[in-house]
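Peer 1: Please model the entire structure based on the sequences and the hints provided.
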Amino acid sequence: MTTAAGNQQPLLDVQHVRKYFPVNKGVLFRRPVGYIKAVDDVAFSIAPGETFGLVGESGCGKSTLAKLILLLEPLTDGEITFEGQAVTRLSGDPLRKYRGTVGAVLQDPFSSLSPRMRVREIVGDPLTVTTDTPKRQIDERVAEVLDQVGLNPASASNYPHEFSGGQRQRIAIARALSAFPRLVILDEPVSALDASIRAQIINLLKALQQDLGLSYLLIAHDLGTVRFLSDQVGVMYLGQLVEKSTSRQVFTNPLHPYTRALLSAALPVRPDVQREEVVISGEVPSPLDPPSGCRFFPRCPAAMPICETVQPLLAPAEDGHEVACHLYPTSVPQGTTAAGSRGGG
Amino acid sequence: MTTLSSHSGNTYDAPSSPSRLEVKDLQTWFYTRRGVVKAVDGVSFTLEPGETLGLVGESGSGKSITCLSILRLVPEPAGRIIGGEVWLGDTDLLQQSRHEMEKIRGRHVSMVLQDPMTSLNPVFNVEKQVGEGSMYHMGLHGTGLKERVQQLLRWVRIPAPEVRANDYPHQMSGGMRQRIVGAIALSSQPSVLIADEPTTSLDVTIQAQYLQLLKDLQEEHRFSMIFVTHDFGIVARVCDRVAVMYAGRIVEMAPTRELFSTPRHPYARALINSLPDPDTEVEWLTTIPGQPPSLYDLPPGCPFAPRCSEAMDICTQQYPPTFETGIADPGATGPPASHTAACWLYGDSNR
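As you go down the protein sequences, you meet chains A and B in turn. According to the working numbering, the stretch in the first sequence is residues 25 to 369, in order. According to the working numbering, the stretch in the second sequence is residues 3 to 353, in order.
Possibly wrong hints are sitting among the right ones.
[As the list claims (entries may be wrong)] Pairs of lysine to aspartate or glutamate residues, derived as EDC-like cross-links and limited to a Cα-Cα distance of at most 16 Å, are as follows:
hint : chain 1 : residue 1 : chain 2 : residue 2
1    : A       : LYS230    : B       : GLU285
2    : B       : LYS217    : B       : ASP242
3    : A       : LYS159    : A       : GLU145
4    : B       : LYS40     : B       : ASP27
5    : B       : LYS148    : B       : GLU164
6    : A       : LYS230    : B       : GLU283
[Unchecked claim] Listed below are several chain B residues computed to face chain A (Cβ distance under 8 Å; list not exhaustive):
hint : residue
7    : GLU60
8    : SER61
9    : GLY177
10   : VAL206
11   : THR207
12   : GLN214
13   : LEU273
14   : LEU277
15   : ASP279
16   : PRO280
17   : GLU283
18   : THR288
19   : GLN293
20   : PRO294
[Stated by the list, open to error] Ranges of calculated distance between the beta carbons of each label pair, as one might list FRET restraints:
hint : chain 1 : residue 1 : chain 2 : residue 2 : range
21   : B       : PRO161    : A       : ASN176    : 53 to 63 Å
22   : A       : ARG55     : B       : GLY141    : 45 to 55 Å
23   : A       : ASP255    : B       : GLU149    : 50 to 60 Å
24   : A       : ASP255    : B       : ARG100    : 58 to 68 Å
25   : A       : SER316    : B       : ASP281    : 34 to 44 Å
26   : B       : ARG100    : A       : GLY58     : 48 to 58 Å
Don't read these hints as lab results, they were simulated from the structure. What you are looking at is a predicted structure, and each value in this text was computed from that prediction instead of being measured. C-beta: ideal position from N, C-alpha, C; glycine also.
Peer 2: Right, dumping it as structure tokens:
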């Protein structure tokens with residue numbers, strides 16, 4: 025029996041995840057003098073068959089979050105649940121199995137594919153590493169996924185340098201799919217590709233998702249790609265989610281001033297599209313010493329006194345649309361007076 | 003007699019006189035072990051004073067080599083400018099001696115490169131690098147040079163320039179570094195600024211700031227600009243006119259709005275239609291089949307023909323000349339108001 029989509033168990037559930045990198049000083053006696061809070065209390069979930077798009081500028085923690093989900097970095101705090109099972113403390117065989125069920129496609133197919141391995145070895149590698157599949161079955165599986173991504177299965181014995189950028193990214197996608205993953209992490213999957221082949225790869229990713237029922241975590245800075253592929257979108261700023269909702273809501277009705285600035289800065293495809301002009305001043309502050317209160321307040325065009333002292337909470341502002349901003353009363357933590365939220369002005 | 007070198011007196015303080023840049027049938031080929039690469043093969047365009055021309059194309063389409071050819075900085079001996087003319091005012095840059103080019107480069111034509119991390123020298127401070135052009139082209143030194151550097155830093159909106167002048171590049175953020183590169187390019191008030199993907203390494207909000215800065219500076223200092231990019235969104239925001247390049251040639255040239263509203267060349271049309279648009283929702287994106295061609299072995303005829311949905315017999319046999327297609331968008335402006343496409347669809351027999 026299937027439950028309603030709303031209360032379906034999420035495939036991936038990320039709860040209060042933190043990742044702090046210590047900054048050490050001293051030669052003989054190295055001691056931490058501070059922490060870079062790369063990811064600071066982030067929570068979201070991905071439903072089966074859905075795409076969660078993460079947007080934000082470089083250094084905001086998107087890629088660190090991806091590494092945490094792939095268990096390539098230990099968490100400082102928090103919990104990641106996959107198919108209802110806590111995975112953060114996995115080791116040995118269960119960890120091996122988990123790595124097979126989560127695939128990854130990285131940005132640059134020129135550096136993510138080993139030049140010394142044949143396509144067969146590259147694509148079959150996740151199966152070799154995470155399962156005990158016999159070699160003949162691996163070869164059959166490689167031929168099958170190469171076909172799925174639109175490559176000739178006969179190309180399995182070639183080396184990556186014999187392929188163009190778009191074809192290499194297809195190889196990288198085939199590798200991510202070979203061990204039958206449920207979730208694939210796409211970290212800037214098309215930004216290194218030529219414009220005329222990006223659309224091919226983006227369409228391929230969407231078709232594969234529909235055919236195989238995959239979930240995607242999409243990290244991209246091109247908002248057009250994010251809107252096209254994503255069901256849910258999260259906006260990150262300095263290690264925290266500042267807005268989270270359905271793709272349509274975030275793009276048509278952005279609530280957080282930072283999201284508005286991002287959408288405004290994202291260049292429209294057509295010159296006749298009129299955008300709300302929000303050019304924000306300044307640059308992203310150092311995550312080593314983030315601003316107190318709301319991390320965006322030094323650059324925010326709508327900053328109020330409360331923003332400097334009280335950190336806003338990510339909370340639903342209107343139907344399911346979550347935002348962390350004092351412009352919305354739900355973001356003001358309890359115990360702070362309503363008068364305080366007005367900041368006296 | 004060249005008017006440019008006649009400037010060589012005490013007039014360097016003033017902006018160099020606005021000149022028209024005209025590139026005629028430029029050909030830059032690379033001679034490699036695998037064969038001849040016609041990186042730029044018959045590129046012609048004009049850049050009016052104060053105008054911004056976008057040069058768009060995919061990697062390998064020849065946009066950067068076109069710019070390097072204008073500055074005569076093509077990597078030799080593999081690369082050679084084998085034909086064409088580049089007129090700045092009434093000087094043909096391709097006929098100048100090496101020595102004369104040194105006086106023109108940075109003075110009349112200067113360039114902003116993609117990555118400020120590699121175009122700035124990490125072992126010299128900002129003052130030294132920003133001041134180099136003023137020292138060389140204007141003969142400034144001592145206090146005069148110091149003041150000039152601070153003036154340049156103020157132009158590009160560097161806060162506290164007297165302090166920042168002593169910083170090294172690593173002490174600055176990416177956006178600030180790229181503004182330093184802008185200050186270097188502006189230091190002799192050139193009449194033409196070539197910006198080669200200047201915002202590719204910047205974040206979107208910083209990119210928006212930088213593009214705004216370039217537009218403001220252009221207003222203040224009246225230079226014309228060649229803006230190289232692969233991003234149609236940037237073209238829409240900063241360029242007056244656009245030239246679309248494919249496999250070493252310009253396939254379409256039109257005022258910006260006109261190009262977006264009525265792209266003529268099938269490549270430009272397909273490329274614009276394939277862009278995922280953050281403002282709309284669609285089920286599937288329009289794709290362009292196939293891959294960009296290898297420049298080592300270009301097909302005879304039009305290099306886009308194998309990927310083109312409207313290819314005819316003649317397309318695979320003969321490279322199309324550039325046809326004037328006429329302005330379709332009445333709102334489109336920009337001198338000269340012409341819309342050209344190198345495509346047989348616009349040949350006389352097909353009109």
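Peer 1: Going through the earlier hints one by one, which of them does the structure break, listed in rising order?
Peer 2: Result: no hint breaks.
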